[in-house]
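Undergrad: Next come the chains, spelled out residue by residue.
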Amino acid sequence: MAKLQPQAVKQITEIVERYKDEPTPTMMILEDIQKEYGYIPLEVQELVSELTGVPVSDIYGVVTFYSFFSMVPKGKYVIGVCLGTACYVKGSQLVCDKFGELLGIKPGETTPDGLFTLDLLRCIGACAVAPAVSINGKVYPQVKVDNVKNIIEEYRAREAN
Amino acid sequence: MEQIRNEKELQARFEKCGACLQKKFHCEPGHKAIVVCGGTGCLSADSQVIIDKFQELIKANGLEDKVTANIVGCFGFCSQGPFVKVFPEETLYVKVKVGDVEELFEKDIKNNEVVERLLFVDPQTKQHVQKQHDINFYKLQRRDIALHGNGEINPEDIDEAIGNGAFQGLNRALHMTREEVIDEVLKSGLRGRGGAGFPTGRKWSFVPKTDEPKYMICNGDEGDPGAFMDRSIIEGNPCAVIEGMMIAGYAIGAQNGYFYVRAEYPIAVKRLAKAIKELEEVGILGDHVLGTDFSFRCHIRLGAGAFVCGEETALINSIEGKRGMPRPRPPFPAVKGLWGHPSVVNNVETLACVPFILREGWEKFAAIGTADTKGTKVFALGGKVNNVGLVEVPMGTTLRQLIYDIGGGIPGGKKFKAIQTGGPSGGCLTEKDLDTPIDFGSLVAAGSMMGSGGAIVMDEDNCMVDVAKFYMTFICDESCGKCSPCRIGTKRCLDILTKICDGKGEPKDLDDLKELSNVIRNNSLCALGQTATNPILSTMKAFPEEYQAHVVDHKCPAHVCKNMMEYYIQPNKCIGCGLCMRNCPVGAISPSTEPAHLPNGNVNPGKFAHVIDPKKCVKCGSCLSGCRIGAIIKK
Ligand SMILES: Cc1cc2nc3c(=O)[nH]c(=O)nc-3n(C[C@H](O)[C@H](O)[C@H](O)COP(=O)(O)O)c2cc1C
Ligand code: SF4
Ligand code: SF4
Ligand code: SF4
Ligand code: FES
Ligand code: FES
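Just so you know, the protein sequences line up as chains A and B, in that order. If you're matching positions, the first sequence starts at 1 in this note's numbering and goes up one per residue. If you're matching positions, the second sequence starts at 1 in this note's numbering and goes up one per residue.
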C-alpha cells in the first residue's frame with residue numbers, strides 16, 4: 001500500500017486532534033478529511049484508526065455507508081445535478097443525462113483529466129428554481145438541457161486561462 | 001458583548017433591541033431599511049451581490065446613519081425572487097437583478113419613488129401590487145409560528161432575534177416546573193412535524209426522571225428529496241430552533257442538545273453555529289441559563305448523505321460514529337438513546353413551534369387548526385405549480401386552497417393531475433381529494449400522509465408509473481440493507497417498474513407489485529421499508545388506467561417513458577427553418593420533399609417540412625424545446 005506523505009500525516013493528525021474532547025468523533029473527523037483532504041483512501045483510514053483507536057473495519061464500514069465520503073479523489077469541479085422530486089418532475093433527469101453524455105462519464109465518475117465529477121444530489125433546497133445544478137457549491141437555477149454545454153464550457157474556459 | 005445572565009438583563013435587551021427593530025421597520029422620514037432575501041433560491045440568483053451593491057451605494061452616498069441593508073431568511077415566494085423589501089413603506093420588489101440596484105437606490109431610497117416595473121404583477125388583475133400582504137400568495141398564510149421572523153429579521157444577528165421575542169418563551173418556561181412545561185405543550189396539541197405526528201408533550205413525558213445524563217436531539221436531516229422547510233427555518237431564524245431545543249431540554253432534564261443537520265446545508269450550519277457561539281458569549285447558552293439552575297449546551301453534527309439517518313435510531317447511531325442503521329425499537333430513545341441515555345428526537349419545525357406555545361400560551365396555538373391537528377404546517381410547494389415556494393398554512397386549509405389560491409394553479413394552462421405529499425413514504429392525491437383539509441388524520445384517510453412537508457404538484461405531462469419508479473430508485477439507493485425484505489424487495493419492485501416503463505410490462509407485473517409491496521410493508525424493520533411502497537400502491541390505486549395502458553397497450557399516456565413515445569414533427573406546422581436539424585445530436589432529422597408552410601398557410605419558398613427518423617432518434621428532446629413555432633410534439 002502506498003505510504004502517506006509526511007505532509008498528509010500531519011494534516012490528518014491535526015484534524016483528529018481537533019475533536020479529541022468529543023465522545024464519538026469518527027463522523028466529524030471523516031467529514032473534515034473529506035472536505036480538506038478531498039477523499040479518504042485506505043491508508044488514511046488506517047492512520048485515523050491508529051490515532052483514535054477505532055478499529056479500521058469500523059471506519060471502513062462508515063466510509064462506505066455514507067454517500068458523502070469517497071475513497072477516490074473527486075474532480076476539481078464537482079457537478080451535482082439535483083434529482084430531488086421537484087427537480088425530477090421538471091426534467092432534471094434529462095439534464096443529468098446531458099452532462100453524462102457531454103462529459104463521457106456516468107454519475108459518480110470523474111473525467112480522466114480529473115477536472116469534473118458528476119454527482120447526483122437529492123434536493124439542495126433550490127426547488128423553486130428547479131431543475132437545479134450545483135457546481136462546487138454554486139447553484140445554477142433552471143438549467144435546461146440546452147444550457148449544459150455552455151456550463152461545461154464556462155469551466156473549461158476557466159481552466160484554459 | 002453585553003451579557004444576558006438573568007431575566008432582568010433579557011428583558012432590558014428585549015426592550016432595547018425591540019425598539020431598534022421597531023425603528024427599523026417604521027423608520028423616521030428620510031430613513032430607510034432595505035432587506036434582501038438570503039434563501040437558497042434567491043442566492044442562486046445573485047442576491048448576495050445585490051446586497052453588497054446596496055451596501056456599497058449606501059457608503060458611496062454617505063447614508064450610513066440613515067439607510068441600512070441586510071439579509072433576511074426566505075420570503076417563501078421563491079419563484080419570484082430575488083426579493084428586496086424597503087421599509088417603512090414595506091414596498092416589495094420581485095425578481096430584482098443586480099442591474100436594477102442602482103435605479104432602486106436612486107429612485108426609491110433617495111427620492112421615495114416606487115419603481116413600478118419591479119413590483120409583483122397579479123396574474124389575474126394584471127395590477128401592480130406594492131405590499132407583501134396584498135399578494136394573493138400570502139393572504140391565506142400565517143407565517144408567525146414556525147416561520148416566525150423569516151423574511152423579517154437578520155438571521156445572523158441575535159439581537160434582532162431577541163428584539164423579535166426570542167427567549168421570551170424560554171424565560172416563561174424557566175418560571176414553570178418541568179411537568180408544567182410538558183403539560184403546556186400537551187395541551188397545545190402540538191404533534192411532531194417530522195412525519196409521524198406523535199404528540200410532542202407525550203414524547204417528552206416518556207423520559208424517566210433519573211439522574212443520568214439526557215440528550216435533546218434536533219432532527220435536521222430533512223431527507224424528503226424535494227423539500228426544504230427545515231433548512232429555511234434554520235437559515236431564516238436559527239435562534240427559534242435553539243430556543244425550542246432549550247425549552248425541550250429543560251422539560252426533559254437534558255443538559256446537552258445535538259443538532260443533526262444535512263451536510264448539504266452549509267448555510268444553515270454556518271448560521272446555526274454563529275448563533276450558538278454568540279448565545280454562549282452572552283450567556284444564554286451555558287451554565288445557569290438566565291440565572292436559574294438550568295444549564296444547557298448545543299452541539300452540531302453533520303449528516304453525510306444517507307436518507308435513512310433521518311430515522312431517529314439511525315440518526316443516533318450516526319452521531320455515535322457508526323453506520324446509520326436503524327435499531328429495533330423498543331427500547332425507545334426516550335429510555336435508551338444517545339450513548340445509552342434517555343434522548344428525545346424532535347424535528348426542526350416541531351422545535352420551532354415550541355417558543356410560540358410558551359411565549360403566547362397553549363390556548364393561542366390550540367385555537368388554530370382542526371380537531372385532529374393544531375397549529376400550522378410549513379410546506380415546500382413545488383413541481384408544476386405557478387407559485388413555487390415555502391408556505392405556512394393553518395391546519396385545515398384544503399389542498400385546493402394550497403394549490404390554487406396560494407399556489408396560483410398550474411402553469412401553462414395544463415391540467416392538474418396529482419399532488420404528492422409525504423415524500424418517498426407518502427402518496428398521491430388527485431382531483432377528487434382536493435377539498436381534503438390538511439391535517440394528519442384527513443391526509444391518511446384520503447390515501448396519503450402529511451409527511452414532513454414536501455408537496456409536489458404534477459400535471460398531465462407527468463407519468464405516474466415513472467413517478468413511482470423515481471421514488472423506488474431513491475429508496476433502493478437509500479435502503480440501509482439491514483433487512484432483506486427492504487433490501488431485496490425494493491430492488492425487485494424497481495426491476496418490475498423499470499421493465500414496465502421500458503415498454504416490456506405485462507398485466508401479471510401489477511399483481512406481483514402488489515404482493516411484493518405487502519411483503520415489504522409487513523416485514524421491514526424500520527419505517528423506511530414499511531412505507532417504501534406507498535408511492536407504488538397509491539399511484540396504482542389512483543391511476544389504474546395509466547398502469548393498464550403501460551402493461552396492456554404498451555403506451556405511456558403522458559409520453560414520458562422513452563420506449564413508448566416518439567418525437568414527431570407536424571408537417572403542416574413545420575416552417576422548414578432547419579434549426580432542429582442543426583441541434584439534433586445524432587443527425588436524426590432531415591428535410592422531406594414536402595414543401596413547408598408558413599403559419600399563415602402560404603408555402604415557405606425553397607423550404608421543406610422536416611422529419612425525424614425514429615430509428616436514429618435518441619429522444620433527447622433538444623429539437624422540441626428548440627422549435628420556436630412548436631411544430632414538434634411527443635406522441
Ligand atoms: C426513513 C426515515 C426518514 C426520516 N427522515 C426524517 C427527517 O428527515 N426529518 C425528521 O424530522 N424526521 C424524519 N423521520 C422521522 C424521525 O424518525 C422521527 O420520528 C422524528 O424526527 C421525530 O420528530 P417529531 O416527533 O418532532 O416529528 C424519518 C423517519 C424515517 C423512518
Ligand atoms: S427497512 Fe430498509 S432502511 Fe429500514 S432497517 Fe431495514 S433495510 Fe434498513
Ligand atoms: S420542426 Fe421546428 S425547428 Fe424543425 S424545421 Fe420545422 S419549424 Fe424549424
Ligand atoms: S429528440 Fe433529440 S435525437 Fe430525437 S430528433 Fe429530437 S433532437 Fe434528435
Ligand atoms: S428537488 Fe432539486 S432542489 Fe429541491
Ligand atoms: S429563497 Fe428567496 S424567497 Fe425563498
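Be aware that one or more of the hints could be misleading.
Unchecked claim - Keeping only pairs whose Cα atoms sit at most 27 Å apart, straight-line, the calculated DSSO-like set for lysine-lysine is:
{"id": "1", "chain 1": "B", "residue 1": "K562", "chain 2": "A", "residue 2": "K106"}
{"id": "2", "chain 1": "B", "residue 1": "K131", "chain 2": "B", "residue 2": "K53"}
{"id": "3", "chain 1": "B", "residue 1": "K53", "chain 2": "A", "residue 2": "K138"}
{"id": "4", "chain 1": "B", "residue 1": "K504", "chain 2": "B", "residue 2": "K634"}
{"id": "5", "chain 1": "B", "residue 1": "K107", "chain 2": "A", "residue 2": "K149"}
{"id": "6", "chain 1": "B", "residue 1": "K270", "chain 2": "A", "residue 2": "K138"}
{"id": "7", "chain 1": "A", "residue 1": "K149", "chain 2": "B", "residue 2": "K615"}
{"id": "8", "chain 1": "A", "residue 1": "K76", "chain 2": "B", "residue 2": "K270"}
{"id": "9", "chain 1": "B", "residue 1": "K504", "chain 2": "A", "residue 2": "K20"}
{"id": "10", "chain 1": "B", "residue 1": "K616", "chain 2": "A", "residue 2": "K149"}
{"id": "11", "chain 1": "B", "residue 1": "K95", "chain 2": "B", "residue 2": "K110"}
{"id": "12", "chain 1": "B", "residue 1": "K555", "chain 2": "B", "residue 2": "K573"}
{"id": "13", "chain 1": "A", "residue 1": "K144", "chain 2": "B", "residue 2": "K97"}
{"id": "14", "chain 1": "B", "residue 1": "K499", "chain 2": "B", "residue 2": "K573"}
{"id": "15", "chain 1": "A", "residue 1": "K74", "chain 2": "B", "residue 2": "K322"}
{"id": "16", "chain 1": "B", "residue 1": "K504", "chain 2": "B", "residue 2": "K491"}
{"id": "17", "chain 1": "B", "residue 1": "K504", "chain 2": "A", "residue 2": "K106"}
{"id": "18", "chain 1": "A", "residue 1": "K144", "chain 2": "B", "residue 2": "K635"}
{"id": "19", "chain 1": "A", "residue 1": "K106", "chain 2": "B", "residue 2": "K110"}
{"id": "20", "chain 1": "B", "residue 1": "K616", "chain 2": "A", "residue 2": "K144"}
{"id": "21", "chain 1": "A", "residue 1": "K35", "chain 2": "B", "residue 2": "K131"}
{"id": "22", "chain 1": "A", "residue 1": "K20", "chain 2": "B", "residue 2": "K277"}
{"id": "23", "chain 1": "A", "residue 1": "K20", "chain 2": "B", "residue 2": "K270"}
{"id": "24", "chain 1": "A", "residue 1": "K144", "chain 2": "B", "residue 2": "K131"}
{"id": "25", "chain 1": "B", "residue 1": "K504", "chain 2": "B", "residue 2": "K482"}
{"id": "26", "chain 1": "A", "residue 1": "K144", "chain 2": "B", "residue 2": "K322"}
{"id": "27", "chain 1": "A", "residue 1": "K20", "chain 2": "B", "residue 2": "K555"}
{"id": "28", "chain 1": "B", "residue 1": "K277", "chain 2": "A", "residue 2": "K74"}
{"id": "29", "chain 1": "A", "residue 1": "K144", "chain 2": "B", "residue 2": "K274"}
{"id": "30", "chain 1": "A", "residue 1": "K144", "chain 2": "A", "residue 2": "K74"}
{"id": "31", "chain 1": "A", "residue 1": "K138", "chain 2": "B", "residue 2": "K274"}
{"id": "32", "chain 1": "B", "residue 1": "K274", "chain 2": "B", "residue 2": "K23"}
{"id": "33", "chain 1": "B", "residue 1": "K53", "chain 2": "B", "residue 2": "K107"}
Bear in mind the hints are in silico, worked out from the structure with no lab data behind them. Small disclaimer: the values here were computed from a predicted structure and weren't measured.
Undergrad: State for each hint whether it applies.
TA: A quick look at each hint next to the structure:
no. : hint             : result
1   : K562/B to K106/A : holds (19 Å)
2   : K131/B to K53/B  : holds (23 Å)
3   : K53/B to K138/A  : holds (19 Å)
4   : K504/B to K634/B : holds (20 Å)
5   : K107/B to K149/A : violated (39 Å)
6   : K270/B to K138/A : holds (16 Å)
7   : K149/A to K615/B : holds (25 Å)
8   : K76/A to K270/B  : holds (24 Å)
9   : K504/B to K20/A  : violated (57 Å)
10  : K616/B to K149/A : holds (22 Å)
11  : K95/B to K110/B  : holds (21 Å)
12  : K555/B to K573/B : holds (25 Å)
13  : K144/A to K97/B  : holds (20 Å)
14  : K499/B to K573/B : violated (35 Å)
15  : K74/A to K322/B  : holds (24 Å)
16  : K504/B to K491/B : holds (17 Å)
17  : K504/B to K106/A : holds (25 Å)
18  : K144/A to K635/B : holds (22 Å)
19  : K106/A to K110/B : violated (53 Å)
20  : K616/B to K144/A : holds (23 Å)
21  : K35/A to K131/B  : violated (43 Å)
22  : K20/A to K277/B  : holds (20 Å)
23  : K20/A to K270/B  : holds (22 Å)
24  : K144/A to K131/B : violated (33 Å)
25  : K504/B to K482/B : violated (31 Å)
26  : K144/A to K322/B : violated (39 Å)
27  : K20/A to K555/B  : violated (60 Å)
28  : K277/B to K74/A  : violated (33 Å)
29  : K144/A to K274/B : violated (36 Å)
30  : K144/A to K74/A  : holds (25 Å)
31  : K138/A to K274/B : holds (22 Å)
32  : K274/B to K23/B  : holds (25 Å)
33  : K53/B to K107/B  : holds (15 Å)
When each numbered hint is compared with the structure, violations occur for hints 5, 9, 14, 19, 21, 24, 25, 26, 27, 28, 29.
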